[in-house]
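Need the complex rebuilt from these two chains, each delivered in its own frame; the hints are there to steer you.
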Amino acid sequence: MAVILGGKMLGILSLLGIMKGVTWYFDSAAGAQTSAPIVHTANQLISPINTIWVLVTAFLVFFMQAGFMALEAGFARSRETVNILLECVFDTCLCGLLWWAIGFAFMFGAGNGIIGHQYFFLHGVSGAYGTTGVAFLAFFLFQFAFADTASTITSGAMVGRTGFKGDILYSTCVSGFIYPIFGHWVWGPGGWLGNTMGWFHGLAGGTVFRDFAGSTVVHTVGGVIALAGAIALGPRLGRKFKRDGGGPTPPHDLTMASIGAVILWFGWYGFNPGSTLSAMDWTGIGRVAANTTLAACAGGMVAVLFVYPRSKKWDLGISLNGFLGGLVAITAPCYWVSPSGALIIGAVAGIVVPLGVDLLERLRIDDPIGAFPVHGMAGIWGTLSIGLLATGQFGIPTADGADNSTVVKGLLYGGGTSQLVTQAIGSLTCIVVVGSVALFVMYAIKSIRGSWSLRVSPDGELEGLDLHEHGTPAYHVEFGQGMTYSTPANLPRSGPVPASMPAPDKTDVPV
Amino acid sequence: MPYLVTAIIKPFKLEEVKEALRGAGVLGLTVSEVQGFGRQGGKTETFRGSEYKMEFVPKVKVEVLVETSQADKVVDLIASSARTGKIGDGKVWAFDLDRLMRIRTGEMGDDAV
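Protein chains in written order, with this note's numbering: chain A, 1 to 511; chain B, 1001 to 1113.
Extracted from the complex, chain B is given alone in its bound form (with noise of 0.2 angstroms):
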């Protein structure tokens, strides 16, 4: 069974995490930008001397299609790259996936990451 590990992280942080998983050997990734809140609840920013309120903070979004074998070392790879240890930060998850093929070959599974 491959796993999609997904993680939600600071944006300047993604070259540091992009760096770490093609070390460990990650063929491809998929990044999108996503806004969101966590505990901190958004973040008060100015404009024209006023505060208003950013409820949804800009983060990065990091999907990696993994082997079973390496889901772990991913998870924690993107952990530990990811980290400033300031509130932010986010989150890295990772389930297992039912189907995944390579829509080229047709190949399934594991051989398909």
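In isolation and in its complexed conformation, chain A is listed as follows (with noise of 0.2 angstroms):
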């Protein structure tokens, strides 16, 4: 008796349960959002306006997976392309749900100092976030779209190797915990490097940690996570580096490589500009569309210029590589710093990025993408280069217009040691954090016995990922009328079998 309540009780109590998860789940104003009675002032179109220019590069920023994929399958071999433009496409779909449902509220919604614990599953969002006047979900999708980068470019260094579920682990550690929980430490409501300084309060002389759209916060982060990948993997088989005789393995479609670099430096425009999250600082995202553009050239054109002299060729996978590097370092310093400190930035990046790709081929690190030299070390440069750089004009965008109360100054402008001081606490504290957790994450999840290892099985990796992982290579020789429907091979195949052959082993795989 007593156990046939106890089951009626149980189930009374899940229903319960699901009922009230139910009435939760649909309560939540995204489902069903009121807006204000429409009243055409000028007042009135502010939010408008800046929710229009933050879906525009919203767009622009998602846009930015279609240049990682051509970048990413162009630089490596032809036997992993699908698996490259999978892991994009997937990882994309896994960010976005994650962002949804824990994401966005680690790194957005109110909390403490570490982390934020309020709109999981987008319950009870209002109609705009915060004091920025653009509509909740509009930020929400842009915030999103910056997720998903973070997490792609961590693939880069881990070409050729993953496992595909041992990929679906990691990217779940980036895009549901590691990327939004940093994140939330610059970015979010209350965050300690954004807003107090935390520990370093006294370090900091009154400054706080400035990264405008990223380079610490998506590409150090992501950066950082692809070389803990990259050494918890190890190289690819028969990788050799340059001291033990061996070299880069050269890149199966420079065509579909640079078309995704220049599809990056397109995106960059939604990244930068539409991180003033304002278009009615008109003045603000002018500035930072420029500086973005003059970056990124002087990254492409000083990479050229400064491997030239020890290959004497012009050396086209550094120019992309350099002008990511620009781009990459120019993310944290755009709003505050002049064109022409855009311009020393970007060809600082250019010579960072040839000297991180030679450092990790020293240390024997196969990084066949390049997205630690790009992404981390450009991204820790630009970081820093706001407390050199900034000229202390410039204050923070808001939703009518430029703030210009509290100014960001650079060291050569006159500003003092206190912002780099600042710009470097966060950069280490991304470093020593972000590259703790994510080596424990990539060991942990290469420890794992069987298919769900990060690595794949030596097999499957001298098979290709391709073939071994999906099934389906991306380039092959169609031969006929290119149909694949032949003989069943269980029918008799025409002609004499001799009475000595055997049988094929249908469980032997032939590679």
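Bear in mind the hints are in silico, worked out from the structure with no lab data behind them. Beta carbons are placed, not taken as given, at the ideal position from N, Cα and C, and that holds for glycine. Check the hints yourself; a few may be wrong.
Capping the alpha-carbon separation at 30 angstroms, the derived lysine-lysine pairs in BS3-like fashion look like this [to be verified]:
hint: 1; chain 1: B; residue 1: K1086; chain 2: A; residue 2: K446
hint: 2; chain 1: A; residue 1: K8; chain 2: A; residue 2: K240
hint: 3; chain 1: A; residue 1: K312; chain 2: A; residue 2: K240
hint: 4; chain 1: B; residue 1: K1086; chain 2: B; residue 2: K1053
hint: 5; chain 1: A; residue 1: K313; chain 2: B; residue 2: K1053
hint: 6; chain 1: A; residue 1: K165; chain 2: B; residue 2: K1043
hint: 7; chain 1: B; residue 1: K1061; chain 2: A; residue 2: K240
hint: 8; chain 1: B; residue 1: K1061; chain 2: A; residue 2: K242
hint: 9; chain 1: B; residue 1: K1043; chain 2: B; residue 2: K1053
hint: 10; chain 1: B; residue 1: K1018; chain 2: A; residue 2: K242
hint: 11; chain 1: B; residue 1: K1086; chain 2: A; residue 2: K165
hint: 12; chain 1: A; residue 1: K240; chain 2: B; residue 2: K1018
hint: 13; chain 1: B; residue 1: K1053; chain 2: B; residue 2: K1073
hint: 14; chain 1: A; residue 1: K20; chain 2: A; residue 2: K242
hint: 15; chain 1: B; residue 1: K1053; chain 2: A; residue 2: K240
hint: 16; chain 1: B; residue 1: K1091; chain 2: A; residue 2: K240
hint: 17; chain 1: B; residue 1: K1086; chain 2: B; residue 2: K1043
hint: 18; chain 1: A; residue 1: K8; chain 2: A; residue 2: K20
hint: 19; chain 1: B; residue 1: K1061; chain 2: A; residue 2: K165
hint: 20; chain 1: B; residue 1: K1086; chain 2: A; residue 2: K240
hint: 21; chain 1: B; residue 1: K1091; chain 2: B; residue 2: K1053
In silico contact screen, one side only, chain A against chain B (beta carbon under 8 angstroms); selected entries [to be verified]:
hint: 22; residue: G238
hint: 23; residue: L411
hint: 24; residue: L462
hint: 25; residue: G471
hint: 26; residue: T472
hint: 27; residue: V477
hint: 28; residue: F479
Derived Cβ-Cβ restraints for the label pairs, each shown as a range [to be verified]:
hint: 29; chain 1: B; residue 1: K1018; chain 2: A; residue 2: K165; range: 29 to 37 angstroms
hint: 30; chain 1: B; residue 1: E1051; chain 2: A; residue 2: P309; range: 48 to 56 angstroms
hint: 31; chain 1: A; residue 1: G245; chain 2: B; residue 2: K1061; range: 22 to 30 angstroms
hint: 32; chain 1: B; residue 1: E1015; chain 2: A; residue 2: R362; range: 17 to 25 angstroms
Here it is in structure tokens:
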């Protein structure tokens, strides 16, 4: 009797729980938003204008996925093309769901200096996010595109030997936890790096950590996790490094890689200018867009010229990495520096990136795409550059224009060292905290026995990830009609079969 | 009479074969990407959730020109370095050549190897 009652009680309780959950879920304002009556005054147009701006730039940032896909696939070997494309697609879908469920809440929900805990499953959203005047869900979409970028950067250094199940595991950690929690520290409401500098308050001299569009939050985070992944995985089978008489693997399609890189540059026009979250700061978005361009130009050109003396060749690959490095570097300072400052920042990135590539080769770390030199090292440089080159003319963008009441001033403009110290604290925090968490996660996933391990089996790696993990090569030669129907293997083939011929072992997969 | 040794091997075995041949003093070889099927009759792969038949499996063809005295050794070397023991390891064969000339110098026969 007691057992039956107990069972009934459990059933009733779980039913009540489901009812409560469903009511809670559909009670969310995301399900049924009510808008205020429309009044066409100038003030009432600020939010629509800013929302359009944020949406347009969100779409541009989202399009960077196409750039990443093409760049990474083009730089890699042809046998892992399908793998790279699917990783980008799958990570995007995974990131979207995680962002909706927990990521956005951890990063942009109210909470403490360490983590947010509001808006889980987009519950309780309002018309506009915070004081931005931007539609809440437009802001959500914009920030999702950013999170997705961080997650995709990571895969670049891990190309060619990461098992797909391992990819799912680490991507969940990156998109669901590492990126949003670190992001909260800088961009979240009350985040300790962006508001108080926490324990380092005394060292910061009244300044707070500045990262306009994410040299640290997106790129250093992505780059450092990528490095941790590459270290945990080890090099691809057969990869020899320069000091062992080898060198990098040649790219399989530079046409695709170049188009991908230029798509990324194009997408950056959403990444940086969109980070004002305000079109009303119209001088700000103009300055940011111009600075972004100049840094990319300087980075691409300097990288080519930097490697020319040693190779006597005009190197396309390093020009792509170079301008991407310039873009990564200008991401943090783009709002606070002058156009000539942007040129310097991009030019230095154009040297940092090839030196970073050399460094990884020296350390025998296999990063086929250059994810760490471009996103990690150029990201660190860009973050620090605010402390040197911020002009002291600009503060922050707000919903109805620029607010220059508190300006950001770097060392070279007479602002002293405090901003530089603050930037170094923020960047170092990212490297140490994100780096150690990422190393732990990567080694933990690698230690899983069987197919959920981070690294694919040696057989699968030798066969190539496209066939082994995905069943389809990206490129193949079509013979005949290009149809794949044929005599089923179990029917007798034409011609006599010698009695001595052993039957093919169907469990023995030919490679 | 120089020999032409030809082998069809698994693509990922190429490096091992190359190193083995180099170690035995072979100075040059030619490789091509080829596709074909053997006893296993192709293999089955999947696309958009459905199976399809890969009738022709990608392989690498290695061609080496060797002096007569080296032919057996080179065949053995290729066989041992390309072998995995699993189905699809490929084949290696050799035949002697009537004519062989080094184009640059006009040398003939074993001298042209």
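Hint check results:
1. Our distance criterion of 30 angstroms between C-alpha atoms is met by K1086(B) and K446(A), whose separation comes to about 27 angstroms.
2. At roughly 65 angstroms between alpha-carbon atoms, K8(A) and K240(A) are farther apart than 30 angstroms, so this suggested pair is violated.
3. Of the pairs offered as hints, the one joining K312(A) and K240(A) holds, with about 23 angstroms between alpha carbons and a cut-off of 30 angstroms not exceeded.
4. For the hint pairing K1086(B) with K1053(B), the CA-to-CA distance comes to about 20 angstroms; that is within 30 angstroms, so the pair holds.
5. Between the alpha carbons of K313(A) and K1053(B) the distance comes to roughly 44 angstroms, so the proposed pair goes past 30 angstroms and is violated.
6. Our distance criterion of 30 angstroms between C-alpha atoms is met by K165(A) and K1043(B), whose separation comes to about 24 angstroms.
7. Pair hint K1061(B) plus K240(A) holds up; C-alpha atoms about 24 angstroms apart against a cutoff of 30 angstroms.
8. As the CA atoms of K1061(B) and K242(A) are separated by approximately 29 angstroms, the hinted pair is consistent with the 30 angstroms bound.
9. At roughly 6 angstroms between alpha-carbon atoms, K1043(B) and K1053(B) fall within 30 angstroms of each other, so this suggested pair holds.
10. For the suggested pair K1018(B) and K242(A), the alpha carbons sit about 20 angstroms apart, so the restraint of at most 30 angstroms is met.
11. Distance restraint check for K1086(B) and K165(A): the Cα-Cα separation of roughly 26 angstroms lies within the 30 angstroms cut-off, and the hinted pair is therefore satisfied.
12. For a cut-off of 30 angstroms, the pair hint linking K240(A) to K1018(B) stands: about 16 angstroms separates their Cα positions.
13. Among the hinted pairs, K1053(B) with K1073(B) is inconsistent with the structure: their alpha-carbon atoms are about 37 angstroms apart, more than 30 angstroms.
14. About 62 angstroms separates the Cα atoms of K20(A) and K242(A), which puts this hinted pair outside 30 angstroms; it is violated.
15. The hinted pair formed by K1053(B) and K240(A) fails the criterion: a straight-line CA distance of about 35 angstroms is larger than 30 angstroms.
16. The straight-line distance between the Cα atoms of K1091(B) and K240(A) is roughly 29 angstroms, inside the 30 angstroms bound, and the hint therefore holds.
17. Between the alpha carbons of K1086(B) and K1043(B) the distance comes to roughly 14 angstroms, so the proposed pair stays at or under 30 angstroms and holds.
18. Restraint check: the Cα-Cα separation between K8(A) and K20(A) comes to about 18 angstroms, which is no more than 30 angstroms; the hinted pair holds.
19. In summary, the hint linking K1061(B) to K165(A) is not supported, as the alpha carbons are separated by about 34 angstroms, beyond the 30 angstroms threshold.
20. Restraint check for K1086(B) and K240(A): the C-alpha separation of about 27 angstroms stays at or below 30 angstroms, so the hint holds.
21. About 22 angstroms separates the Cα atoms of K1091(B) and K1053(B), which keeps this hinted pair within 30 angstroms; it holds.
22. Checking G238(A) against chain B: minimum C-beta separation of about 6 angstroms stays under 8 angstroms; hint holds.
23. The closest approach between the C-beta of L411(A) and any C-beta of chain B is roughly 52 angstroms, which is over the 8 angstroms cut-off, so the hint fails.
24. Nearest Cβ of chain B to the Cβ of L462(A): about 4 angstroms, under the 8 angstroms cut. The hint holds.
25. Nearest Cβ of chain B to the Cβ of G471(A): about 4 angstroms, under the 8 angstroms cut. The hint holds.
26. The criterion of a C-beta within 8 angstroms of any C-beta in chain B is met by T472(A), whose closest approach is roughly 5 angstroms, and the hint holds.
27. Hint status for V477(A): holds, given a least beta-carbon distance of 6 angstroms to chain B, under 8 angstroms.
28. Annotation: F479(A) was flagged as interfacial toward chain B, and the flag holds, the nearest CB pair being 6 angstroms apart, inside 8 angstroms.
29. Distance hint check: the CB atoms of K1018(B) and K165(A) are about 33 angstroms apart, consistent with the given range 29 to 37 angstroms.
30. At about 54 angstroms, the CB distance of E1051(B) to P309(A) agrees with the hint of 48 to 56 angstroms.
31. Checked against the hint of 22 to 30 angstroms, the C-beta distance between G245(A) and K1061(B) comes to roughly 27 angstroms, which is consistent with it.
32. For E1015(B) and R362(A), the hinted distance range of 17 to 25 angstroms is satisfied, since their beta carbons lie about 24 angstroms from each other.
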